[in-house]
Amino acid sequence: MSERLLGALTRRRARLLLLAAVLCLPPFYLDAFWLRIGLFSMAAAIGAVGLALLSGTAGQLSLGHAFFLAVGAYGYAWLAGEPGPGLPPALAALLAVLLAGAAGGVFSPVAARVKGIYLGIATLALVFLGHHVLLTADSVTGGFNGRSVPPLSLGGFTFAESDPELTVLGVPFGAEERLWFLGLALFAFTWFSSRGLLRGRPGRALAALRDSETAAAVMGVDVARHRSAAFVVSSMYAGLAGVLLALAFRRVVPDYFSLALSVDYLAMIVIGGLGSVAGATAGAVFVTALPLLMTRYADQLPLVTAPGSTEGTVGPTEAARYLYGAAIVLVLLYAPDGLHGLARRARDRLRRRRTPTPAPDTTVPTPPQPAAAARPKEHTP
Amino acid sequence: MNTSHRTRRDRHRTAGTVLAGALALLLAATGCSSKAEGGDKGGEAADGVRTGPGVGADTIKLGALTDLTGPYATLGKSIVQAQQMWADEVNADGGICDRKVEIVVKDHGYDVQKAVTAYADIAPDVVALPQVIGSPVVAALLDDLERDKMLTFPQAWAASLLGKDAIQVLGTTYDVDMIAAVEFLTRTKGLKKGDTIGHVYFEGDYGANALEGSTWAAGKAGLKVAGQKIKATDTDLSAQVSALRKEGVKAILISAGPAQTASLVGVAASRGLKVPVVSSAPGFAPQLMKTPAAPALAAMLNVVSAAPAVSSDLPGVQRMVASYQKKYPDSPVDSGVLSGYNAAQLMGADLKKACEGGGLTREDVVKAHRSQANADTGLGTPQNFSDVDRPAGVKTYVLKPDAKAVGGVVNAEEAHEAPGVEDYLSAR
Chain A
1 MSERLLGALT RRRARLLLLA AVLCLPPFYL DAFWLRIGLF SMAAAIGAVG LALLSGTAGQ
61 LSLGHAFFLA VGAYGYAWLA GEPGPGLPPA LAALLAVLLA GAAGGVFSPV AARVKGIYLG
121 IATLALVFLG HHVLLTADSV TGGFNGRSVP PLSLGGFTFA ESDPELTVLG VPFGAEERLW
181 FLGLALFAFT WFSSRGLLRG RPGRALAALR DSETAAAVMG VDVARHRSAA FVVSSMYAGL
241 AGVLLALAFR RVVPDYFSLA LSVDYLAMIV IGGLGSVAGA TAGAVFVTAL PLLMTRYADQ
301 LPLVTAPGST EGTVGPTEAA RYLYGAAIVL VLLYAPDGLH GLARRARDRL RRRRTPTPAP
361 DTTVPTPPQP AAAARPKEHT P
Chain B
1 MNTSHRTRRD RHRTAGTVLA GALALLLAAT GCSSKAEGGD KGGEAADGVR TGPGVGADTI
61 KLGALTDLTG PYATLGKSIV QAQQMWADEV NADGGICDRK VEIVVKDHGY DVQKAVTAYA
121 DIAPDVVALP QVIGSPVVAA LLDDLERDKM LTFPQAWAAS LLGKDAIQVL GTTYDVDMIA
181 AVEFLTRTKG LKKGDTIGHV YFEGDYGANA LEGSTWAAGK AGLKVAGQKI KATDTDLSAQ
241 VSALRKEGVK AILISAGPAQ TASLVGVAAS RGLKVPVVSS APGFAPQLMK TPAAPALAAM
301 LNVVSAAPAV SSDLPGVQRM VASYQKKYPD SPVDSGVLSG YNAAQLMGAD LKKACEGGGL
361 TREDVVKAHR SQANADTGLG TPQNFSDVDR PAGVKTYVLK PDAKAVGGVV NAEEAHEAPG
421 VEDYLSAR
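Taken in sequence, the protein lines are chains A and B.
Using the numbering used here, read the first sequence as starting at 1 and increasing by one per residue.
Using the numbering used here, read the second sequence as starting at 1 and increasing by one per residue.
The following block holds chain A by itself, in its conformation from the complex (with noise of 0.2 Å):
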């Protein structure tokens, strides 16, 4: 018995190595277009994973995800460059993650009183309050125009395109080459931390007090402590993800952190899957990658024009936009539980296929017993 949990680990981590190298595969290979998609995929799967935390296990609807983005990115901006503070970069984008968890501290006392729908309308006065300071703090934001962010530097080595110049296996690592290893190492990072969370005391303490709260302070949880908690935590991630991208923009601007960034991160973790860390970053890398890839490859489908050209009506943007919203229709008809549950059903049926026990139960599809704890439940404002 504890030979085969032992063998099913080893070959979990075999797998687990397995894609960890396969992930460090693309900078030796596809150029800065491609690296620069994964890496905001990447950023975004960090953010997104932390909306998963908050809205999906702990069930608090939140529209302010881009306020705590833009506090995270800005916030490195401004410590570690000029104007500013000018700390050491790697000081900074802590401080910048740190900054961006006080701002959802100072926010919980709201967040810790209302919810549902009417906590995701107080959230919503964030991102219009974060968009009017960006424009209008020119010292600290740079107005319209934004700043340029500093490249993270850490021990004499930068994550830009020189000092010191860097050749790999006779690839020439330029910025997007580096900050793609930084990115998986924050990703890592976020995965393993969030499922930690998720699956330890917390987690479950959250998911009681999405399923109810009246239930959960009968079990012992502290309410209002734990929902501030898991909004302060989720800033962080937010935070997290807004350095990443920083850093992925190299420059920073207002207009990008606009309300639609926050709808985009609910989009994510709907299309995910409420309440899985594996389903938010499915998310994150569907809803970021797939209208660039769209756009980028959509005029060689049949009947699309290349952009500019007088004959045909239908533009690469324009055919991106009709299968993007295809897609997430399909995904959302045919997987309502999200990317997520769709890939745990698509297991569970090759596994019984692979079992060839013609036991009366194998009719009844029973999810593994793990997986049953961590499903999500409908939301119920």
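Quick caveat, the hints were computed from the structure, so don't treat them as lab data.
You may find that some hints are simply not true.
FRET-style restraints, in silico, Cβ to Cβ [claimed, not checked]:
(1) B:163 to A:133: 25 to 33 Å
(2) B:146 to A:129: 25 to 33 Å
(3) A:129 to B:88: 34 to 42 Å
Which residues of chain A face chain B? A partial, calculated answer using Cβ under 8 Å [unchecked claim]:
(4) 33
(5) 144
(6) 145
(7) 249
(8) 251
(9) 253
(10) 255
(11) 296
(12) 300
(13) 317
(14) 319
For glycine and all other residues, C-beta sits at the position ideal for the given N, C-alpha and C.
Dock chain B against the given chain A, drawing on the hints supplied.
Using the frame of chain A, we list chain B on its own:
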């Protein structure tokens, strides 16, 4: 005990195998990675011209980051078509530097993230960008453009874009336009010391820069400015008209989009606030002359612009309008056509000059551009690109809406430099 020991070693072995396998794969595979070859570092073509990214043996590739599906779709379409027309004309004449010109168009739909990715996509393959639409897009790309030394003509005219070697604002900046507008009002509409003028402006770069100019000029002329900040999404300006009316304004400046101009003029006329209105160049589109606001616009509005009206009798403009109408009979001829064509011609002049200097690398193109002190395309006033910190032009036209004219406007005043512009620029 024994079994668990074995499994642990097994685990190590599996992990080791996977790692070694992955490394071997990596090593073997990078051997055939195209990135490992060092890429296209440029060099010297067969005809002795130094080449860099975007320049091949017989092509020169230019890039355009435009908006064909977002709020500026009409403008984007006009510019793309005008520049394509220019490229076709140049290629029919044998090209530049014995190379065909090709324009790579990318549509970002006014989305910063899409634009930044599209830039990463085309940057290695183009030598310069004769078109970038969208102030937030330009802002997000500022550092990249400077680093890549990519000569760029943004379709934005804020003074904050000056002072950057690779980025060239064509014509006048918004503040210079507004100084000319205030001067026009005092000279022809009888405004005198102590009067108040209203200024309705977009939040952001465009409005802020325009307000800077109007405030400075009003201060010089002894006028007061009553500012009204609006958002790009505000299309009903009734509240602003009421507020300006309460202030007793004698004239109104507007630095916003066409929809806002139409609303402002229409509402003001219907409420009996019949004062002269002067708009910045982006605040007018020929489509406005087909709206119910057209009579009011014709009666009250003037537009200050660095470019002449499309209906102007400059031979260069007339020739361009004729060939554009022939090539794209269904498209309206608006100011975007003129500015796009003008930008493309200036880019062509830079490329020719760089070619004469023996090199078509990005550095050569920027250097050639900065050496043009009197660039005249015959489509307006000559421009001076040699001073990075100064607007390329200081002369402005005053235009007047006219429903019957091509492009909906006619020239009301020929190009001239408003008195005080020089003082303003040296004081800045």
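Status of the hints after comparison with the structure:
no. : hint                       : result
1   : B:163 to A:133: 25 to 33 Å : holds, 26 Å
2   : B:146 to A:129: 25 to 33 Å : holds, 32 Å
3   : A:129 to B:88: 34 to 42 Å  : violated, 50 Å
4   : 33                         : holds, 4 Å
5   : 144                        : holds, 4 Å
6   : 145                        : holds, 4 Å
7   : 249                        : holds, 6 Å
8   : 251                        : holds, 5 Å
9   : 253                        : holds, 5 Å
10  : 255                        : holds, 4 Å
11  : 296                        : holds, 6 Å
12  : 300                        : violated, 14 Å
13  : 317                        : holds, 4 Å
14  : 319                        : violated, 10 Å
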